[in-house]
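These protein sequences, in sequence, are chains S and U.
For the first sequence, position 92 matches number 110 in the numbering used here, and the numbering has no gaps at all.
For the second sequence, position 200 matches number 201 in the numbering used here, and the numbering has no gaps at all.
Since the hints were derived computationally from the structure, they do not count as laboratory data.
Heads up, some of the hints might be wrong.
[As the list claims (entries may be wrong)] As a list, the in silico EDC-like pairs of lysine to aspartate or glutamate whose alpha-carbon atoms are at most 16 Å apart:
| no. | chain 1 | residue 1 | chain 2 | residue 2 |
| --- | --- | --- | --- | --- |
| 1 | S | K123 | U | D336 |
| 2 | U | K304 | S | D57 |
| 3 | U | K381 | S | D57 |
| 4 | S | K126 | U | E342 |
| 5 | S | K123 | S | D108 |
[Unchecked claim] Computed spacing ranges between beta-carbons, pair by pair:
| no. | chain 1 | residue 1 | chain 2 | residue 2 | range |
| --- | --- | --- | --- | --- | --- |
| 6 | S | S51 | U | G259 | 45 to 51 Å |
| 7 | U | L340 | S | K24 | 22 to 28 Å |
| 8 | U | T149 | S | K103 | 46 to 52 Å |
| 9 | S | E40 | U | P256 | 56 to 62 Å |
| 10 | S | T58 | U | L258 | 37 to 43 Å |
| 11 | S | E40 | U | R234 | 46 to 52 Å |
| 12 | S | A71 | U | T149 | 38 to 44 Å |
| 13 | S | T58 | U | E5 | 43 to 49 Å |
Backbone N, C-alpha and C define an ideal beta-carbon position, used for all residues, glycine too.
This is what each chain is made of:
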Amino acid sequence: MKVTAKDVAYVADLGNLELTEEERTRMVRDLNSILGHIDTLNELDTTNVPPMAQVSDRYGVDQSKQGSERFAYASREDVLEGLRKSLRHDLALENAPDSDGTFFKVPKVIER
Amino acid sequence: MNLEQLTIDAARSAVQERKASAAALAESFYVKIQSDDPKIGAFLTLCKDRAIAKALEMDALAAKGEKLPPLGGVPVAIKDVMVTKGVRTTAGSKILDNYVPPYDCTAVARLEAAGAVVLGKLNCDEFAMGSSNENSAWKPVHNPRDLTRVPGGSSGGSAAAVAADMVVAALGSDTGGSIRQPASFCGVVGLVPTYGRVSRYGLIAFASSLDHIGPLTKTVKDTAIVLRTIAGRDPMDSTSADVPVPDYVAELEKPVLGLKLGVAKEYLGEGLDKEVRSAIEAAIQKLAKQGCEIVEISLPHTKYAIPAYYIVATAEASSNLARFDGVRYGYRAKDARTLSEMYRRSRDQGFGAEVKRRIMLGTYALSAGYYDAYYLKAQKVRTLLTRDFEEAFEKVDAIVAPVSPTAAFKLGEKVDDPLAMYLADIYTVTADLAGIPGISVPCGETREKLPIGLQILGRHFDESTILRVAQASEKAA
Chain S
19 MKVTAKDVAY VADLGNLELT EEERTRMVRD LNSILGHIDT LNELDTTNVP
69 PMAQVSDRYG VDQSKQGSER FAYASREDVL EGLRKSLRHD LALENAPDSD
119 GTFFKVPKVI ER
Chain U
2 MNLEQLTIDA ARSAVQERKA SAAALAESFY VKIQSDDPKI GAFLTLCKDR
52 AIAKALEMDA LAAKGEKLPP LGGVPVAIKD VMVTKGVRTT AGSKILDNYV
102 PPYDCTAVAR LEAAGAVVLG KLNCDEFAMG SSNENSAWKP VHNPRDLTRV
152 PGGSSGGSAA AVAADMVVAA LGSDTGGSIR QPASFCGVVG LVPTYGRVSR
202 YGLIAFASSL DHIGPLTKTV KDTAIVLRTI AGRDPMDSTS ADVPVPDYVA
252 ELEKPVLGLK LGVAKEYLGE GLDKEVRSAI EAAIQKLAKQ GCEIVEISLP
302 HTKYAIPAYY IVATAEASSN LARFDGVRYG YRAKDARTLS EMYRRSRDQG
352 FGAEVKRRIM LGTYALSAGY YDAYYLKAQK VRTLLTRDFE EAFEKVDAIV
402 APVSPTAAFK LGEKVDDPLA MYLADIYTVT ADLAGIPGIS VPCGETREKL
452 PIGLQILGRH FDESTILRVA QASEKAA
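The shape of chain S in the complex, shown without the other chains:
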């Protein structure tokens, strides 16, 4: 067993999930089963293999460029209003579960 009930509780916390007792038990079983299969990756020696985060890392980008330069293909002039106008205030709030017409409303953040 790689993943314990304690790990599941910790990871659920990081992922902003609560999970019921039943879900946690199931999660321990499922994660162990999946991670058991994922461990086959350790058969490969990847010491000198570069990681690939994006397809564009390997295609369409000048390989001699470094850092953020590599993504220069995606850049544009920095102009006011950008590519389109910002979403209208009322439209931005339209899907909010709770709002006062100006702000999104949420339960109290700081308890006094």
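Go by the hints and put chain U onto chain S.
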């Protein structure tokens, strides 16, 4: 008009020549949806006002004798992971039950600009996570070819709607096979383009480095028409490539004679159903008869694709799905007293079991102490898998393979075993990881009359070649 086997050109010509009005055509599809969809479950939301408005616009053009755009008056539908302005979009999730987006996905906007009539939004696995459509929060989709079986996933509604003639064409999304596998299971054509070929703007993100939008249609030519319409640079998606879009339809005319097609032994090995194998082998033989040269190749890291995929995809998903917190849109738990409780309960009550499983797996793989062992390792294996393809494409022009190890399985068959469900994605996740294009084209049936798809994979930005090979296979089938 007979809606069965209606293609894009046939529908457009009928409207152009005023044999049928686009509005009447849309109405007759709605009638068909109303009568047939209750047993299939492909549609989640219909947008009749929007459809009829676009249809009337096309009818007015036709009445003036003006030339209709390429999809003028053609009824289509959209997988519910693409946002549509003013039309409810749920991504198959309860957490977006009441979400009405304030903007349009670029691919949808481009289809409509080309005259397409969007009838509605199509069922899918929640946040496109699944291979059977059973993870939809709303209802499962039944395979039109056998209602006791799954349509595949996650674009199960898209494949089923096309297969059941409830639309002429549909858009789906493919992160690990979600267009090709349901296309194969339902007996339609489905294409995943090169990463960056089609803008992802307005596609609700699952795994951003793997997500693609693509067409599902009845014919290879229709796939070429839709791809030509939605492809190309979009300033709203910085990963969309500034690479010229060929006329994929014109490219279909080129012969396949002399093309080198690779057959990878790793794709025909253990676990492949006998009937699927013989259908694939027969389809390859037919391509050889048309003058393609069949070359044996090796993609040696194939067996590591599933583990690498399920780390990369879930890691990205855990990050992308952090935005669903009950603040700006979507479901909010009613009983929370603190902000943190609100986040947790909204997500707990809003997400389904598979989505939670993937958030947990991805969060685990990114967490302190496991990042190098899992996430970084998987990214390195992704490089190896991509190199496999690069080396293969030095020898061959395209690769032919199965789409899925089996034909459509029974509803409920794999629902309790997530690993078994993941393993069935073995032949499709590789293309998404490498960012290469792939297409599924029907090539035969099992004895139980279940469709089998042939998969053709190509070089980056070489959709033209795989479409040509697919059409050659389609004509020979």
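Okay, the hints, checked on the actual structure:
no.: 1; hint: K123/S with D336/U; verdict: holds, 15 Å
no.: 2; hint: K304/U with D57/S; verdict: holds, 12 Å
no.: 3; hint: K381/U with D57/S; verdict: holds, 14 Å
no.: 4; hint: K126/S with E342/U; verdict: holds, 11 Å
no.: 5; hint: K123/S with D108/S; verdict: holds, 14 Å
no.: 6; hint: S51/S with G259/U: 45 to 51 Å; verdict: holds, 47 Å
no.: 7; hint: L340/U with K24/S: 22 to 28 Å; verdict: holds, 25 Å
no.: 8; hint: T149/U with K103/S: 46 to 52 Å; verdict: holds, 51 Å
no.: 9; hint: E40/S with P256/U: 56 to 62 Å; verdict: holds, 60 Å
no.: 10; hint: T58/S with L258/U: 37 to 43 Å; verdict: holds, 41 Å
no.: 11; hint: E40/S with R234/U: 46 to 52 Å; verdict: holds, 48 Å
no.: 12; hint: A71/S with T149/U: 38 to 44 Å; verdict: holds, 42 Å
no.: 13; hint: T58/S with E5/U: 43 to 49 Å; verdict: holds, 46 Å
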